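One letter stands for each residue in the lines below.
Protein chains: 2
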Amino acid sequence: MKPLPRTLELFYDVLSPYCWLGFEVLCRYQHIWNVKLQLRPSLIAGIMRESGNRPPAMIPRKAQYLRSDVKLQGQHFQVPIQFPKDFFGVILEKGSVSAMRFLTAVNMECPEMLEKVSRELWIRIWARDEDTVQLQSIQAAAEKAGMSAEDARALLEKISTPQVKNQLRETTEAACKYGAFGLPIVVAHIDGKTHMLFGSDRMELLAHLLGEKWMGPAPPALSARL
Amino acid sequence: MKPLPRTLELFYDVLSPYCWLGFEVLCRYQHIWNVKLQLRPSLIAGIMRESGNRPPAMIPRKAQYLRSDVKLQGQHFQVPIQFPKDFFGVILEKGSVSAMRFLTAVNMECPEMLEKVSRELWIRIWARDEDTVQLQSIQAAAEKAGMSAEDARALLEKISTPQVKNQLRETTEAACKYGAFGLPIVVAHIDGKTHMLFGSDRMELLAHLLGEKWMGPAPPALSARL
Numbered sequence: 001m002k003p004l005p006r007t008l009e010l011f012y013d014v015l016s017p018y019c020w021l022g023f024e025v026l027c028r029y030q031h032i033w034n035v036k037l038q039l040r041p042s043l044i045a046g047i048m049r050e051s052g053n054r055p056p057a058m059i060p061r062k063a064q065y066l067r068s069d070v071k072l073q074g075q076h077f078q079v080p081i082q083f084p085k086d087f088f089g090v091i092l093e094k095g096s097v098s099a100m101r102f103l104t105a106v107n108m109e110c111p112e113m114l115e116k117v118s119r120e121l122w123i124r125i126w127a128r129d130e131d132t133v134q135l136q137s138i139q140a141a142a143e144k145a146g147m148s149a150e151d152a153r154a155l156l157e158k159i160s161t162p163q164v165k166n167q168l169r170e171t172t173e174a175a176c177k178y179g180a181f182g183l184p185i186v187v188a189h190i191d192g193k194t195h196m197l198f199g200s201d202r203m204e205l206l207a208h209l210l211g212e213k214w215m216g217p218a219p220p221a222l223s224a225r226l
Numbered sequence: 227m228k229p230l231p232r233t234l235e236l237f238y239d240v241l242s243p244y245c246w247l248g249f250e251v252l253c254r255y256q257h258i259w260n261v262k263l264q265l266r267p268s269l270i271a272g273i274m275r276e277s278g279n280r281p282p283a284m285i286p287r288k289a290q291y292l293r294s295d296v297k298l299q300g301q302h303f304q305v306p307i308q309f310p311k312d313f314f315g316v317i318l319e320k321g322s323v324s325a326m327r328f329l330t331a332v333n334m335e336c337p338e339m340l341e342k343v344s345r346e347l348w349i350r351i352w353a354r355d356e357d358t359v360q361l362q363s364i365q366a367a368a369e370k371a372g373m374s375a376e377d378a379r380a381l382l383e384k385i386s387t388p389q390v391k392n393q394l395r396e397t398t399e400a401a402c403k404y405g406a407f408g409l410p411i412v413v414a415h416i417d418g419k420t421h422m423l424f425g426s427d428r429m430e431l432l433a434h435l436l437g438e439k440w441m442g443p444a445p446p447a448l449s450a451r452l
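Listed in order, the protein sequences are those of chains E and D. The first sequence runs 1 to 226 under my numbering. The second sequence runs 227 to 452 under my numbering.
Among the hints, erroneous ones may be present.
Unchecked claim - Within a straight-line C-alpha distance of at most 27 Å, the following computed BS3-like cross-link-like pairs (lysine-lysine) qualify:
#1 K193(E) - K342(D)
#2 K193(E) - K297(D)
#3 K262(D) - K71(E)
#4 K439(D) - K71(E)
#5 K320(D) - K262(D)
#6 K419(D) - K71(E)
#7 K85(E) - K419(D)
#8 K311(D) - K177(E)
#9 K71(E) - K403(D)
As the list claims (entries may be wrong) - Stretch by stretch, here's where chain E covers chain D in the computed footprint (C-beta under 8 Å, at least three residues):
#10 257-266
#11 271-284
#12 379-389
#13 418-427
#14 434-445
Worth flagging that the hints you see were computed from the coordinates, not collected in a lab. Just so we're clear, the structure is a prediction, and the values are computed from it rather than from any experiment. Every residue gets a Cβ at the ideal spot worked out from N, C-alpha and C, and that includes glycine.
So that you can see chain E by itself, here it is in the shape it has in the complex (with noise of 0.2 Å):
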């Protein structure tokens, strides 16, 4: 008999680059391993303020380092990365309140968008330089991801209710719980014992903890389906 799969938490913000180098590998893995994924939209800039923590792009060097790895990094993940020119406007200034909001709401009433309508969001952000902060933007992005006008539409008028907002703050503050500092951390139940990893670079070791196969961060999913 198969174990029962063990569950994953993904905490994400689509502001980051690395949140989605970590989610797009855990999207090809949840059909690889044995387990269970749970996508969990919070918001970093929350995170960053409860834990003390400063954005890596405040020092110098680490923006600069950011942009070559960012960029190396999409290339071995086989993720489409490309660096918004405002770099710095996107991320500190627009940020993506209203764009978590939004997932956090597809989360509560259409979860199996959820992958999707993030995917699309990142793309729009970290692909095509385009924005994310617009509620037109928003609504562009989960057409393009299969929601229907209408359903965007209702979705987007639920982003500024007490029950969203509560649903985003509640999330964020979990992850604060299990020890972020930043994103994206992965909550891995395996065995009764809790750990979070941080970042997008802690997914082989992951994979040791699950006694799981790692096979680099685009693994060949057909073969190893077989």
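Chain E is fixed; fit chain D onto it per the hints.
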């Protein structure tokens, strides 16, 4: 005809457990990949100061995470890391100036001993919670690595000379020029291009850049060599 080996420079400080992880991975793969590994003893405190970065342990949640991450990574990398009891005392007060000056002298006078002496210093701090500040502690590490007591003493006498001090300063400055804001960094010279990779968690990316096979942090060396 086999192509010329690519040069990998590893900048490291024995004060950092992540440096130890990166060091062991590259010491293993130097016998598997077509590379030439250059060990570059540097001073992490100088790099932090110069770049305006802060040690991760200054953020309480990061310090807490560091503890569990280093433990898990040590198991995964098969490196016998144990946290020293007085972590902050070791990192912030004791530091590594004498140890890194000694390794600099070793590199200048008998570079063939550098790998082993470096490892013995890490074992003292990060496996057995022993001192590395007193000269007799450094002497003990050198002897454990196979150096004669006389050679070790002769090198210890040189650690306060301008030649050794300047060499350590120059190596640390070289790391800064490559964009370091912490250690370890690997500077990979591949096909006329220079890539700076930060952290012990970029080794699979390094394999990707080299076009070499990644077999995890503890590769089955023998079978790979056949």
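Consistency of the hints with the structure:
no. : hint              : in the structure
1   : K193(E) - K342(D) : violated (37 Å)
2   : K193(E) - K297(D) : holds (15 Å)
3   : K262(D) - K71(E)  : holds (25 Å)
4   : K439(D) - K71(E)  : holds (21 Å)
5   : K320(D) - K262(D) : violated (33 Å)
6   : K419(D) - K71(E)  : holds (15 Å)
7   : K85(E) - K419(D)  : holds (24 Å)
8   : K311(D) - K177(E) : holds (25 Å)
9   : K71(E) - K403(D)  : holds (20 Å)
10  : 257-266           : violated (count 0)
11  : 271-284           : holds (count 3)
12  : 379-389           : violated (count 0)
13  : 418-427           : holds (count 6)
14  : 434-445           : holds (count 5)
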